[in-house]
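2 protein chains.
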Amino acid sequence: MSETKVYLLDGGTLVMDGLHAFWNAGPSGEIRFPVYSVLIEHQDGYYIYDTGYDLDHVQRALAFTMPTQTKAQTIPGQLSLLGLRPDDINYIINSHFHFDHCGGNKHLRRACTVCHAKALEACACPQPFEIQSYSDLSFAPEIAARRGNVQPPLSTAEIYTPTFQTIAGDQEIAKGVRLFETPGHAAGHYSLLVELSHRQPMLFTGDAAYSQQNLDRMIISSFHLDPVESYKSMQRLKDLAVHHDAEIFCSHDPQSFASYLKAPGFYS
Amino acid sequence: MSETKVYLLDGGTLVMDGLHAFWNAGPSGEIRFPVYSVLIEHQDGYYIYDTGYDLDHVQRALAFTMPTQTKAQTIPGQLSLLGLRPDDINYIINSHFHFDHCGGNKHLRRACTVCHAKALEACACPQPFEIQSYSDLSFAPEIAARRGNVQPPLSTAEIYTPTFQTIAGDQEIAKGVRLFETPGHAAGHYSLLVELSHRQPMLFTGDAAYSQQNLDRMIISSFHLDPVESYKSMQRLKDLAVHHDAEIFCSHDPQSFASYLKAPGFYS
Numbered sequence: 024m025s026e027t028k029v030y031l032l033d034g035g036t037l038v039m040d041g042l043h044a045f046w047n048a049g050p051s052g053e054i055r056f057p058v059y060s061v062l063i064e065h066q067d068g069y070y071i072y073d074t075g076y077d078l079d080h081v082q083r084a085l086a087f088t089m090p091t092q093t094k095a096q097t098i099p100g101q102l103s104l105l106g107l108r109p110d111d112i113n114y115i116i117n118s119h120f121h122f123d124h125c126g127g128n129k130h131l132r133r134a135c136t137v138c139h140a141k142a143l144e145a146c147a148c149p150q151p152f153e154i155q156s157y158s159d160l161s162f163a164p165e166i167a168a169r170r171g172n173v174q175p176p177l178s179t180a181e182i183y184t185p186t187f188q189t190i191a192g193d194q195e196i197a198k199g200v201r202l203f204e205t206p207g208h209a210a211g212h213y214s215l216l217v218e219l220s221h222r223q224p225m226l227f228t229g230d231a232a233y234s235q236q237n238l239d240r241m242i243i244s245s246f247h248l249d250p251v252e253s254y255k256s257m258q259r260l261k262d263l264a265v266h267h268d269a270e271i272f273c274s275h276d277p278q279s280f281a282s283y284l285k286a287p288g289f290y291s
Numbered sequence: 024m025s026e027t028k029v030y031l032l033d034g035g036t037l038v039m040d041g042l043h044a045f046w047n048a049g050p051s052g053e054i055r056f057p058v059y060s061v062l063i064e065h066q067d068g069y070y071i072y073d074t075g076y077d078l079d080h081v082q083r084a085l086a087f088t089m090p091t092q093t094k095a096q097t098i099p100g101q102l103s104l105l106g107l108r109p110d111d112i113n114y115i116i117n118s119h120f121h122f123d124h125c126g127g128n129k130h131l132r133r134a135c136t137v138c139h140a141k142a143l144e145a146c147a148c149p150q151p152f153e154i155q156s157y158s159d160l161s162f163a164p165e166i167a168a169r170r171g172n173v174q175p176p177l178s179t180a181e182i183y184t185p186t187f188q189t190i191a192g193d194q195e196i197a198k199g200v201r202l203f204e205t206p207g208h209a210a211g212h213y214s215l216l217v218e219l220s221h222r223q224p225m226l227f228t229g230d231a232a233y234s235q236q237n238l239d240r241m242i243i244s245s246f247h248l249d250p251v252e253s254y255k256s257m258q259r260l261k262d263l264a265v266h267h268d269a270e271i272f273c274s275h276d277p278q279s280f281a282s283y284l285k286a287p288g289f290y291s
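Protein chains in written order, with our numbering: chain A, 24 to 291; chain B, 24 to 291.
Bound-form chain A, shown alone:
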C-alpha cells in the first residue's frame, strides 16, 4: 500500500424533495440521489469516509425516503468487490452522524471512528428537529442507550463496542488526508481532502454541499442546524478547492455521481 488510492463505494439511493435539496428555493418535486462512501487505501491503513445508510433502519424509520439498495451496495458488499472484508478497515471518518452517513459503521468492528467532538455530542443531544436525522445510533450503542433507543436484541457474538477518536479544528489525520471544518448542516461537520500522486486532490464536501448545483446557486440544503454557518461552509469549500487546486466531489449529486469512477475502479 505505498501509493494512496481512493475508491468510491456505491451505497444505493434515497429520495428527497427539491425543497429539501435547495432550501426555500427548489423547485419542488422528487429527487432520487446517490449515497456513497470513500475508501482510502493509504500507507497507514484503510480509511473510510462515511458509510452510507442501513437499509433495514431506513425502511423502518424513514420509509418516506424510498431507499433502493442491493446487497452489493452495502459496505460489506462494496468491500468484497475489492477483495476486502469489513475487519480490514482501520479507520472510519464520519463527516457527521446523520443516518445516511453512519449506517454502515457497525459492520467495521475493528475500525477506530474518527470524528469531530461536536458531531458526537450532537447525536447524543440532538435538537428536536434533528432527531430523525440522528435516528440511526447503531454506530454508538452507548449513545443509543443514553437516548433510550430500543435496539434489536444482540447475541453475545454481536455486541459491538466501537472506539472513538474525537478531534476538533482542521486536521491532517494522515499524510495527504486532511479534514476541514465545514459546520452548519450539522454540528462538527468535516469535509475531506485527499492528495493523490497522479491527479489533482479530491475534495469531498460531505453534506456541506449536496450537489454542484447547491454550490453554483449558493443555496444550502433545507436540512441544517445553522444556515448562516452552512452558507459560510459552502463558500469555504469553494475557497479550499481553489487554494488546493482540488476537484470537488459532492455527497448527493445525481448528475455528478453518474460520471464518477466507482469501485472496483479507483483514483490514484
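Since the hints were made in silico from the structure, they are not lab data. Because the structure is a prediction, the values reported are computed rather than measured. Be a bit skeptical, because a hint or two may be false.
Identical chains share a label here; the pair holds if one copy fits it or two copies do between them.
As the list claims (entries may be wrong) - Cut-off 35 Å, straight-line C-alpha distance, at most; resulting in silico cross-link-like pairs (DSBU-like, lysine-lysine):
#1 141 x 261
#2 94 x 255
#3 285 x 255
#4 141 x 255
#5 261 x 198
Let chain A serve as the given structure and place chain B on it in line with the hints.
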C-alpha cells in the same frame, strides 16, 4: 379612547408551499394564507402591529407568492373602515421587517416605528438567504439607499422620512401592551400581548408561529435565521399563553383567521 380596543385589519393573501410552512415536514402543496395587521386603539394613541405587504412590490419582486389584495385590503383601505386616515396612526410596531409585515409602513407618515434594534440591523445587513424576505425597504428609505436599492422616483411631496425607536428585551411599551422577544424566524423578532378589559389577553405571535398547527406539531417554518432559537420561541409563546392566560393569534393561519372578528369589528 379610554378603553383599549383591538381591530384586525385584513391585508389580503399570499401563497407558500407546505414545505415552507412546516420545515422539512410539509406535506408539500400550495397553501394560501392570510396577512393581517393589528390596530390597537389605546389611551396613549393608535398603535399598529405589522402593516402587511405592498401589492406592487410583491407583484414586482415576489410574484410567485401570487398575492391577492383589494384596495379595501390595503392599510388606508382598512383604516377607512374605521373612519381613520393613515396620519391618525401614532406608532407602528414591526414584529420584524420581512416584506409581508412592513409593506404598509410607508402610508403611516406621522407614526414612529418601534422595533427591536436587531430587526433594523438585520434588514440593513441581511444574510444572503434573507435578501428576498427583506426586499421591501420602502419603510426605511435610508437603509434602502445604503443597500443600493433603486426606488421609484418620488415627488417632493412624497419624500418619506420615518422615525424609529429601537428597543431590546421584553418591554411594556404602553399600559397593557407588551412586546416579548421571540427570535429565530428573524433577528430581533417581537411577539405582542395586549390586555383588554372584557376578555382574556390576545397574544399575537407574529411569524414566530405562522399557525396553530406549527405550535401543535412544534414544527417551525422553513423561513428562518436560526432554527434552534425558532424552536425555543415557539415554546416561549406556549409558556406565555399559559402564564398570561392569553389567547394565541398566529400570523398566517388560514383556518384560525377565518374565525377571527375583523375590522370594523373589534375585541375589547
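Here is what the structure says about each hint:
Proximity of residue 141 to residue 261 under the C-alpha cut-off of 35 Å is found in both arrangements, the shortest distances being 23 Å within a copy and 30 Å between copies. Proximity of residue 94 and residue 255 under a CA criterion of 35 Å is satisfied in neither setting, with 38 Å inside one chain copy and 43 Å between copies. In this assembly of identical chains, the alpha carbons of residue 285 and residue 255 lie at most 35 Å apart only when taken from the same copy (30 Å versus 44 Å across copies). In this assembly of identical chains, the alpha carbons of residue 141 and residue 255 lie at most 35 Å apart whether taken from the same copy (18 Å) or from different copies (21 Å).
Taking the shortest alpha-carbon separations for residue 261 and residue 198, only the intra-copy value of 22 Å comes in at or below 35 Å, while the best inter-copy value is 53 Å.
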